[in-house]
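Trainee: The lines below spell out each chain.
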Amino acid sequence: MSLLEVENAEVAFPTARGLLTAVDGVSLSVDEGRVLGIVGESGSGKSVLSRAVMGLLPRSARTGAGMRIRLGGRELGALSERELRRLRGREMAMVFQDPMTALNPVMTLGDQIGESLRLHLGMGRRQARDRSVELLAAVGLPQPATRVDQHPHQLSGGMRQRVAIAIALACDPRLLIADEPTTALDVTVQHGILELLKAQSRERGMAMILITHDLGVVAGRADEVAVMYAGRIVEQAPTRALFAAPSMPYTRGLLASIPRIEDAPGRRLEAIGGRPPDLVSPPPGCAFAPRCALASDLCRRQAPELTAGGATRFACWHPALEAAE
Amino acid sequence: MADVAAPLPKSGVAAVEARHAEAIAAHRRRRRLGPVFWIPAAWLVALILAAAAAPWLGLAPPDEIDWMAIQVPPGSEGHVLGTDVLGRDILSRLLHGARVSLTVGFAAPAIGVGIGLALGLAAGYFRGWVDEVVGVLIDAWLAIPGLAVLLLFSAVFGGSLSMVCLSLGLLFIPAAARITRAQTLSYANREFVLAARAMGASDARILLREVLPNIIWPLMAFVMIDIPIAIVIEGALSFLGLSVKAPTPSWGGMIAEGREHIEGASWISLIPTAAMFVTVLSFNLAGDVLRRRFADTREAAL
Amino acid sequence: MPALLRRVGRLAVVLAVVTVITFLLVAALPGDVALDIAGADASAEDVAEIRAEIGLDRPLVVRYLDWVSGIVIGDWGQSWRTGERVWDAIVQRLPASLELMLLAQVVAVSLAIPAALLCARAPDGRVDRAIGFLAFGSVSMPSFMTAVLLILLFSLTLGWLPATGYEPLSAGLWENLRPMILPALSLGLVEWTALMRTLRAEMIGVLQENYIALARAKGMSDRRILVVHALRPSSFSMITLLGLQVGRLMGGSIIIEQIFGIPGVGRLLVTSVFSRDFMMIQGCVTFFALAYVLVNFCTDLAYARLDPRVRGFGGKAGAHG
Chain A
35 MSLLEVENAE
45 VAFPTARGLL
55 TAVDGVSLSV
65 DEGRVLGIVG
75 ESGSGKSVLS
85 RAVMGLLPRS
95 ARTGAGMRIR
105 LGGRELGALS
115 ERELRRLRGR
125 EMAMVFQDPM
135 TALNPVMTLG
145 DQIGESLRLH
155 LGMGRRQARD
165 RSVELLAAVG
175 LPQPATRVDQ
185 HPHQLSGGMR
195 QRVAIAIALA
205 CDPRLLIADE
215 PTTALDVTVQ
225 HGILELLKAQ
235 SRERGMAMIL
245 ITHDLGVVAG
255 RADEVAVMYA
265 GRIVEQAPTR
275 ALFAAPSMPY
285 TRGLLASIPR
295 IEDAPGRRLE
305 AIGGRPPDLV
315 SPPPGCAFAP
325 RCALASDLCR
335 RQAPELTAGG
345 ATRFACWHPA
355 LEAAE
Chain B
170 MADVAAPLPK
180 SGVAAVEARH
190 AEAIAAHRRR
200 RRLGPVFWIP
210 AAWLVALILA
220 AAAAPWLGLA
230 PPDEIDWMAI
240 QVPPGSEGHV
250 LGTDVLGRDI
260 LSRLLHGARV
270 SLTVGFAAPA
280 IGVGIGLALG
290 LAAGYFRGWV
300 DEVVGVLIDA
310 WLAIPGLAVL
320 LLFSAVFGGS
330 LSMVCLSLGL
340 LFIPAAARIT
350 RAQTLSYANR
360 EFVLAARAMG
370 ASDARILLRE
380 VLPNIIWPLM
390 AFVMIDIPIA
400 IVIEGALSFL
410 GLSVKAPTPS
420 WGGMIAEGRE
430 HIEGASWISL
440 IPTAAMFVTV
450 LSFNLAGDVL
460 RRRFADTREA
470 AL
Chain C
617 MPALLRRVGR
627 LAVVLAVVTV
637 ITFLLVAALP
647 GDVALDIAGA
657 DASAEDVAEI
667 RAEIGLDRPL
677 VVRYLDWVSG
687 IVIGDWGQSW
697 RTGERVWDAI
707 VQRLPASLEL
717 MLLAQVVAVS
727 LAIPAALLCA
737 RAPDGRVDRA
747 IGFLAFGSVS
757 MPSFMTAVLL
767 ILLFSLTLGW
777 LPATGYEPLS
787 AGLWENLRPM
797 ILPALSLGLV
807 EWTALMRTLR
817 AEMIGVLQEN
827 YIALARAKGM
837 SDRRILVVHA
847 LRPSSFSMIT
857 LLGLQVGRLM
867 GGSIIIEQIF
877 GIPGVGRLLV
887 TSVFSRDFMM
897 IQGCVTFFAL
907 AYVLVNFCTD
917 LAYARLDPRV
927 RGFGGKAGAH
937 G
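Residue numbers (my numbering), protein chains in the order written: chain A, 35 to 359; chain B, 170 to 471; chain C, 617 to 937.
What the hints contain is simulated information worked out from the structure, not anything from laboratory work. Computed from a predicted structure; not experimentally measured. Mixed in with the good hints, there may be bad ones.
Label-pair ranges, simulated between beta-carbon atoms [stated by the list, open to error]:
1. C:Val743 - B:Leu202: 18 to 26 Å
2. C:Asp682 - B:Pro243: 52 to 60 Å
3. B:Arg374 - A:Leu303: 56 to 64 Å
Glycine is no exception: its CB is placed at the ideal position from the N, C-alpha and C atoms.
Pulled out of the complex, with its shape left as it was, chain A reads as follows:
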């Protein structure tokens, strides 16, 4: 049994133009201690999915009745808000995208970390403070004993993200969801943060979902990768396999657009043409068809289903079965 099981997730938002379907029937699972990478463009539904798992959807969101989310065997939809709150921060934690706005500007760092410790683990003031200092050190913040009394605006973006990670790790959660943790950071800082996450996940045996739009981020850091497009998973495979032999043209396009160091200088970056689909009134058939070089009439008429089970699955009428060039 996996740590996290998501079955048939459906999330939609009413908008002025109509109903916007952000997540359209996603099922996945994450085992204890494993890292799942979810890759997709903006609008692919990956962030909404993560919010749905945490139970943090906005009040206007509508979810499908057939949706089931289980953490450690417990059905999250059946829990009261109170019980859910006990899980949040303790069993499952989240790191947000923008470190500049994710920390409360008027609270000290120590207080923000210590809050979870005191609330979920019942620690006293002094104990929580000591533990906060330890956590700050563990995430690589220099001079943690001084920092613990500082405010967020005294830190740079990278350091703030480390603090956010410390907050998430405070109660030793079993699952950590990192929603684009490095997108808002400088490239030079990104690597440090990602390595930190990977190391912490290994050390603590903590499962992690790493959400990003950049395939390069999950290389070497995730055990498995799921590619999302227009609210659906279109391909999923162990990382090596995905990079070596991507099945779906979209995945191949993503791979091709990553600049590589061995490329000749002046080589043009390959982008995927076209734009993401309209999620309010999506075209019939495969959502990627308008942008796909291999699209056929079948693709435009009927949406492909994810091939059943197994370590590798994909949803495409014309998957490439040879290795990528």
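Following the hints, complete the assembly by docking chains B and C onto the known chain A.
Mentor: Below, chains B and C without anything else, positioned relative to chain A:
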């Protein structure tokens, strides 16, 4: 609407669409003026009509003293709302007092906004020392407590209705001037003004034809807020005996007179209190609905 | 620094204009003060003598300059009625007025904060609309009407609280607070709405911020999020408003002091107007204006210090300076 995302009755997105269609319909309903507007508006219209027609409604004159019928409770014969300590008919006094309150309520903001508009336009359009001088004057005016000014004015100029309107009106000048100035500043630099100038239009013409029509709306909203405020301040003034002089009745004056007899004959104070409360509340409610409705459409048009 | 100097300079000019306006208004008051002092049956010479004594025979400009120069050095003149020094009279009555305003603010804030929290929690929900309606009602009920109703209910009908009176602190804390309860309520029940609206609006904005989402992700309860996480960052506008409201409170306290018989500066002003005590009137009005201008100035300065994110001067420079 639940605090947490609500699960659907049927699976699939079709049921969600049904729920969503209902949300759009509710949104459309909100755009019509609801009972929150019509009920207060009805009261106000009725009050205005009754007050205007007061002298011809066949009521006892408001200052007619009747020693035979002092402190008659409401519902008695001949006096629907009772009489006060001097036997004067309360309904009649209420309606005549309404004439005072409503006149001040409309005239004072009009005067204040009229003058404030001129000052604000000048300050915002010409800038420079004109702006500084107007700014200092407004700050000084604001610093003096309004009631003090009114006290002094009342003492200096006596208690005629026009004087009350004028002195109250002066209190609205600073805010109107500020709003006008801010709006003028934002519009005076736009291109259509430059275009007008290039065509040789004079400053006055520009102010009148180009700038003014654009800034009139926030000012109207401001006036709508001020009408109930003016009524309240007039009430406070007449409560202190500084508004129109007796025997002209005023709501505040009636409340003050009734204070001494509030134990035995509470209606003398309570009736004008209720009338003022309902009237001010009605202006506030109706004004708010109007403002929101028109702000929406206007912003959409922009 | 030069910006600060400019603002102080402008402040001085504003105050000067205030004194001019006040002086002119008072000088225009009808009635002959000298005649009042001398008595109805005094001779013309006596009246003229008294007029010279008080200095009413000098030209306006001279009288003005004399008065203003006195203010600057601390001599605010004397009441022709009682001979009391104006400054002393004001200072003596200041504690009562300050106490009233302070208590009124306490009432207003105590109502505004919980109400705003309840509203921001579920905007456009039932509670929000109900409280919004109450706010409308409050705004439509001016302080003097509230005062009359409160007196009717609590003094005359229930007999719990006194309708008038004032006891200084020296008589005991409860003795002092008891007669102030109704006056403070009368004022506070009007002021709370503006504070509540401001706090509510800002809190709704803050609740959308990322750090609130993170707090939720940590499993914090709604109540904790509202009070511990959202309240402080949302309060800046409300606190600024508290400072700015002092001006309105000063005006409102005048009438409340009159109704409840509180010996404050407002009541002094009213009495002086009715008795044509022109030095006292000038003194009171100038005092109110001075207090108003200074409080606004300090509020502007304090705003810059309060918010750890706002550095440097000039954030709200345009508002009042």
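Trainee: A separate judgement is required for each hint: does it hold in the structure or not?
Mentor: Going through the hints against the structure:
Restraint check, C:Val743 to B:Leu202: a C-beta distance of roughly 24 Å satisfies the suggested window 18 to 26 Å. Range check, C:Asp682 to B:Pro243: Cβ separation about 58 Å, and the 52 to 60 Å hint holds. As the Cβ distance of B:Arg374 to A:Leu303 is approximately 57 Å, the hint placing it in 56 to 64 Å holds.
Of the numbered hints listed earlier, not one is contradicted by the structure.
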